[in-house]
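Visitor: Same order as they appear, the protein sequences are chains A and B.
According to this note's numbering, the residues represented by the first sequence are 1 to 310, in order.
According to this note's numbering, the residues represented by the second sequence are 1 to 381, in order.
Rather than coming from a laboratory, the hints here were simulated on the basis of the structure.
All values derive from a computational prediction rather than experimental measurement.
Check the hints yourself; a few may be wrong.
These stretches of chain B come out as covered by chain A in the derived footprint (C-beta under 8 Å, 3 or more residues) [claimed, not checked]:
id, region
1, 27-39
2, 73-79
3, 83-93
4, 299-306
5, 347-358
All residues carry an ideal CB built from backbone N, CA and C; glycine is no exception.
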Amino acid sequence: MNWGIPDFLQKKLLFVTGKGGVGKSTVAIALGIRAALEGRRTIVCEVASSENASRIFHQAAVGFKEVELANDLWAISIDPEDAMKEYVLLQLKVRAMRDLLFRSRVFTYFAAATPGLNELVTIGKIWELAQLDRKVKHGRKYDLVIVDAPATGHGISFLQTPRTFARIARVGPVHSQAEQLEAMVTDPAQTGSIVVSLPEEMPVNETARLEHELVDDIGMTVDRVIMNALYPDRFPADATRAIDRLAASDDPEVRAGGRAALSQARRVAAQTEQFERLKKMVSAPISTLPFVFRPEIDLHAARQLAEVVE
Amino acid sequence: MPSVDEILEGREICICAGSGGVGKTTTSAAIALGMAARGLKVCVLTIDPAKRLADSLGLEELGNEATRVNPELLSDHLDNGDGELWAMMLDAKETFDALVARHAEDAEARDRVLNNRIYQQISNALAGSQEYMAMEKLFELHSEGRFDLLVLDTPPSRNVLDFLDAPKRLTQFIEGRSLQIFIRPSGFAARVAGRGTGVVLTILKRIVGFDLFADLSEFFNAFSGMVDGFRERAHRVSSLLADEQTCFVVVCGPQGEPVDEAVYFHSKLMENEMNFAGVVVNRVRYRLVSKKPKLKDLTARIEAELGDHELADQVARNLIEYDALAVRDAANIDRLTESLDNDPVIRVPYLDTDVHDIEGLTEINRYLFASEQDRNRLATG
């Protein structure tokens, strides 16, 4: 284990972003495990939607309720409908009014029809989780809230929602809440972001674009770019000829060993090339995580990563 | 297991669906190239092409119109001289704007929508708008009849229903049952919505703010004139998806999660009575040995050939790690095959390098367009 807590885990709120399929959810959990190991009470939030449901959350049956995964580590899956109800509960103190609203189809129509409202109440819930003085019944205090943000594309519009609403609604409660959320998201002292990448062409391009959008369009800080799933560099450059020889061996197992080694060496070279591209394309500090040789990327795999993340 | 040209026989539209990061864009491009090589006029519609791939096809300026790939670049790859490869990048916002222009009663109605602040800020985030705009463009190209085959690289999603439901969701939104209530709180819509609607609206306005509420009403109002045209169009687009000439290819990776998703996609496509052509599983580690190698024993045998213990140990460990993943891939693909009920599963091996040019696509096509036996022989031979 690398001792010392990575600086970005000292923040209050951390958004983990990245292209689909780069291991964003696993990294979010791994960071949560690490922060908890370092003694920070942490909650990892998943934004519940059909396109963003991770296996780990699914297996732990995490829903719109704070669930304890390990010591000091909690998880919640934020469903916009539930977040909306909770928001209304906090806004309307009169029970009769709430009941009337929840029962009315107008409310359902309104919630479904207003573009961006789901994202807004989701970010509102994230904000609520990060408060030390929580208004929600039985709300625990967390030192750190880690958000497994929706994949890029959707991710950017998700994080832009507070600003969008602050502009659309010029006055009124939505306007002031959206402003408050935007202030939180863009405050570098409290809030940071991580971009997860893979050493492949498309993810590297996407990472550079995402960093640019997070900083310039949203006004956030990118604390780290995490290059995920790097293969171990097992074979020295001068071993290629020897490995080539193995690939022609009469012993089928030795031949297979040679073939697998050749592929691995070529893959490492391709990864290195992409890693070098990434270094030229991003400004944030870069950390790396190793490829995890496990059949499934589960909680155990996340633990392995938690110990080495920097 | 058949090859891609067999599963696309007689189809005019091939929709590649799958979650993010599984190689969907590359597979779409490879399928398009492979079918062009067989003499068809093919256009691939992509959301976000890999820049290097687009560059290598000479498509630096890929936009919302189909562009032909220079035939000279393809000359070595086309078996049949009649084939053409075209590509376009979908611009959802531009397509949406064009759609608004088509359905608006007049220029004033069009501008009211296009200049509406809410439309400008969030039209891209509207539920289903990305997906719907992709199929809208597909519909438009198909109606023109310029191509033998259209290959659509869909926006990544974990749920194929996001794609299939997109016309319905967007129409519902634009019809805006709620908008009727915003506009005429005491009318018919309000009676449908139930008693006490007036009170509910007052409460809502209090929570949301009067100003935003007014803006939303204006937004829905601006759309109100184009509801019929829009609905009719969306209906035709939906019908095209379910038509005999259209088929779906699901693209996935060999790990547990993507395979679960592919199984789910398949079941949803079946439920919705869509034509399912098959699954392409990318990055499969084919098994190179018949049983798990023993580290010590294998190291010794490699060392005997190399005379280098350290290197032999690394080679052996590497093969054991590779094999563990190959065993996993095989188990996941068995599970996939079983739940597909005889529908084709085509495995593309984990290639040594990233695919970003025509040569790379051709390499993939050696597998996509081969029989199962040939695939196995190529990957393990």
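Visitor: Going through the earlier hints one by one, which of them does the structure break, listed in rising order?
Guide: Hints 1, 2, 3 contradicted; others consistent.
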